[in-house]
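One letter stands for each residue in the lines below.
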Amino acid sequence: MKLFRTIAIAGLALAALTGAAMADITKVRIGTEGAYPPFNYLDSAGKLQGFDIDIAKALCAEMKVECTFVAQDWDGIIPALLAKKYDAIIASMSITAERKKKVDFTDKYYTTPAKFVVPKDSKITDVSAAAMKGKTIGAQSSTIHANFLNDLYKDSSIKLYGTQDEANADLAAGRLDAILADSAILLEWMKKGDGLCCKFVGPDFNDVKYFGEGAGIAVRKGEDELREKFNKAIAAILANGVYEKINKKYFPFSVY
Amino acid sequence: MDFDLLIKYGPKLLSGLLVTLQLVSTSIVLGAIISLPIALMRLSKNRIINGIAYSYVYFFRGSPLLAQLFLIYYGAGQMRPLLQDMGIWWMFREAYYCAIFVFTLNTAAYQAEILRGSIQSVDKGQWEAAQTMGMKYWPTFFKIIMPQALISSLRPYGNEIILMIKGSAIASVVTIFDLMGETKLAFSRTFDFQVFLWAAVLYLVMVETLRITWEKMERRLTRHLRQVSDQ
Chain A
3 MKLFRTIAIA
13 GLALAALTGA
23 AMADITKVRI
33 GTEGAYPPFN
43 YLDSAGKLQG
53 FDIDIAKALC
63 AEMKVECTFV
73 AQDWDGIIPA
83 LLAKKYDAII
93 ASMSITAERK
103 KKVDFTDKYY
113 TTPAKFVVPK
123 DSKITDVSAA
133 AMKGKTIGAQ
143 SSTIHANFLN
153 DLYKDSSIKL
163 YGTQDEANAD
173 LAAGRLDAIL
183 ADSAILLEWM
193 KKGDGLCCKF
203 VGPDFNDVKY
213 FGEGAGIAVR
223 KGEDELREKF
233 NKAIAAILAN
243 GVYEKINKKY
253 FPFSVY
Chain B
23 MDFDLLIKYG
33 PKLLSGLLVT
43 LQLVSTSIVL
53 GAIISLPIAL
63 MRLSKNRIIN
73 GIAYSYVYFF
83 RGSPLLAQLF
93 LIYYGAGQMR
103 PLLQDMGIWW
113 MFREAYYCAI
123 FVFTLNTAAY
133 QAEILRGSIQ
143 SVDKGQWEAA
153 QTMGMKYWPT
163 FFKIIMPQAL
173 ISSLRPYGNE
183 IILMIKGSAI
193 ASVVTIFDLM
203 GETKLAFSRT
213 FDFQVFLWAA
223 VLYLVMVETL
233 RITWEKMERR
243 LTRHLRQVSD
253 Q
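Respectively, the protein sequence lines represent chains A and B.
In terms of the working numbering, the first sequence has 4 at position 2, counting the first letter as 1, and numbering is strictly consecutive.
In terms of the working numbering, the second sequence has 83 at position 61, counting the first letter as 1, and numbering is strictly consecutive.
Calculated from the structure, these hints are not laboratory results.
Ideal placement from N, C-alpha and C gives every residue a C-beta, glycine not left out.
Using 25 Å as the maximum straight-line C-alpha spacing, the simulated PhoX-like pairs for lysine-lysine come out as follows: (1) Lys-146(B) with Lys-67(B); (2) Lys-102(A) with Lys-87(A); (3) Lys-49(A) with Lys-193(A); (4) Lys-156(A) with Lys-34(B); (5) Lys-110(A) with Lys-87(A); (6) Lys-30(B) with Lys-102(A); (7) Lys-30(B) with Lys-103(A); (8) Lys-30(B) with Lys-104(A); (9) Lys-135(A) with Lys-34(B); (10) Lys-188(B) with Lys-238(B); (11) Lys-250(A) with Lys-66(A); (12) Lys-193(A) with Lys-125(A); (13) Lys-125(A) with Lys-137(A); (14) Lys-34(B) with Lys-188(B); (15) Lys-86(A) with Lys-29(A); (16) Lys-251(A) with Lys-59(A); (17) Lys-251(A) with Lys-110(A); (18) Lys-223(A) with Lys-29(A); (19) Lys-104(A) with Lys-34(B); (20) Lys-59(A) with Lys-247(A); (21) Lys-59(A) with Lys-234(A); (22) Lys-247(A) with Lys-193(A); (23) Lys-194(A) with Lys-251(A); (24) Lys-104(A) with Lys-211(A); (25) Lys-30(B) with Lys-211(A); (26) Lys-34(B) with Lys-103(A); (27) Lys-122(A) with Lys-201(A); (28) Lys-156(A) with Lys-30(B); (29) Lys-87(A) with Lys-223(A); (30) Lys-34(B) with Lys-137(A).
Computed far set for chain A versus chain B, every beta-carbon distance over 10 Å: (31) Pro-40; (32) Lys-59; (33) Gln-74; (34) Ser-130; (35) Leu-154; (36) Ser-158; (37) Leu-198.
Just chain B, same shape as in the assembly (with noise of 0.2 Å):
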């Protein structure tokens, strides 16, 4: 234990700390958005829109997130005059909104491919229940089949967050100051491999938080699907 290097440094990572968790939650909940449609078009019969949905969530799932990051962020340095003329140069100047724009297209797609699951899980009698009450189609979808879709997407959904926490690290390489970018810059001023350390507590206590947080959560929301004697 080095209390010097604490009283340096942890504010620094606490900073960096606060900066993964509003790059994380901004893409999560951007991405939550993009990935409906997404997932609606992944579900539709149509081959052409589901094409296009499948290519897009092929390419965000099967390629590394780092050379997204890297592709968009230097990519669109290369293209700086084109983007200027459309107006949208500000956005791609700065570091940070990049790597939300990369990390939203990034979890979008596998928060679409969650949805589709979940949505298709949903036993086809209620949709014919529902039918047979005379609903049509979109409250059928959104007040019948969503919310039990949703249910038993928790999970897969707390694990992707947990992934984009971590995955959220790569942000560093751009010249964002996250947890892992203040991480490695206490590092390069102390050679002490103790802060790598911390950082990976300060990782572990936004996972175990998130954990233990959706537990409790799926204990409520599924509390009507235990038996008597389970509660």
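Chain A with its partners taken away, still in its complex shape (with noise of 0.2 Å):
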């Protein structure tokens, strides 16, 4: 009975700890992929760099509260999200109605649509499901991209890959017809090595039915202090020019 007791206590105690810190937020976990370069990805030394890590140092420096960052495979990065694993997710993760029903989104922090890549001999110009009829494309599990590709490209075969960079190692391998992915992303591997193989086709994807209203920060839900928080913390860099910093540092367009 004596150690069910001290359980208890040890409970009570920790329940009243969390339950003080939720008044005031000092320290935010945040849950990244690392696998999605230029905005987010490992460096040689294992580090994690990228255009979203450097938003969430800016925003955690603007909300004056401590940050530790957490590597996470992206198909499980919202279920641990809601295992506590950590706070919020900054990881490009665009803002989806399916999405919506599991966790809350902050406002976006930046937009750039969906592209079509194939290899640079490809006769591909049409890239409507129509005349994709028969082809296969490839695009990352739990992606926008893999969302709107099963729903609307049901007579072309989808190959679904755990991280982009295997993705696009299969187009450059000629095992995909095409693929499809945030342009960003793809222009930054089109510039070297296995990337110029290939080149864009098609037009700009944005239907927000599908990619969303851009990439958010998400938490859990019920969650609103946090999400306010950051909400301030991105006008704020937005405003103060800090933002168009780290954009220029990554990017020669504004991804806003």
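Reconstruct the complex from the two isolated chains, following the hints.
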């Protein structure tokens, strides 16, 4: 019985502690993917780098909170947030109706359209669902791009990959006829190495139903205080020029 | 229980189950064919022949299946011009064939060891008895030794198939929609952990069916070894 009492007291103490922490947020754990260059990736020293990471650091500085980062596979990134492995996701996650059922989002912090990429010698010029019939198209799993392809390109063969890099590698290897992904990601990839194989084709895709309202920060439902803090910080770094500086570091064009 | 989930994704899970069964059965059968010469090489007294077979088994048993699949799938992608010249790119282009290729080589290594162990476990007296009857080496091997070896390897074979069924979930990382692939897809649309539970149940059903079949098979094949009072 004594053991039970000890556990019960420890539990109460813990509840009191976390309750106190809730009142004034001082520490935020941020989940990100770490395999989505140039937005978030691990450098050669194994440290997280990229646009998302710089934005996150700027937001934390603005909010005057201490932030720690957790790298998490994309497939499990929302479940891990719900399991309280971290408090917010800053990982280029698009704000979509489907995801809003599970998590809350802040305002967007950037938007870039989705585009198709094909090998340079490809004869594909029309990327409509009808024209892509019978073609093999790749995308990263659990993404807006995967959902869009699965729902609208029913006559194409859709291949889904754990990371964007793997889909890119398979396009370069000739296993895919095309991939659909975020244009900023693809632009970065096509600058060097494998990526030289390929070119953009077709229009920008930004239908809100599938591609959402841009990338936002996801928090657990009901954590309005944290969400509001992020929203204020996003507005602040947009206004004070910090955002523009980070934007310029990665892209020659505005991504907001 | 969420019946909407079952209605929407149940058929997909079942089609994934079919892919898993195809993958596993094809690999196990092809692996069994390859494993016989490897096992014989392992039994050889020639050190070079034995060494080659040993290295093969050592590599495939000593490294993770996931690493082997990645190596072949993405490695082949990088060596496409060479493979095209050799005329075998069509095989390495398809994730499905890559998975069968890797699974076959992997299970062949395990099966070869099972076979070698069970051949060695047959009593020396059986060889000697066959010899006194004037039987030659190969007829003795195939008609006297192998049938007895196969009986004692039945159980380890069953274990190997079970390991393959579970190991085949790895195919989902190279875009194959096997049971695990369909499960992950359903999860990514619903974020409902139930789909993993259903997938686990399906894996369990496969393994349990196999286990019961194996037990029946073993009882029947070893009936001559039992005492009358046991039956």
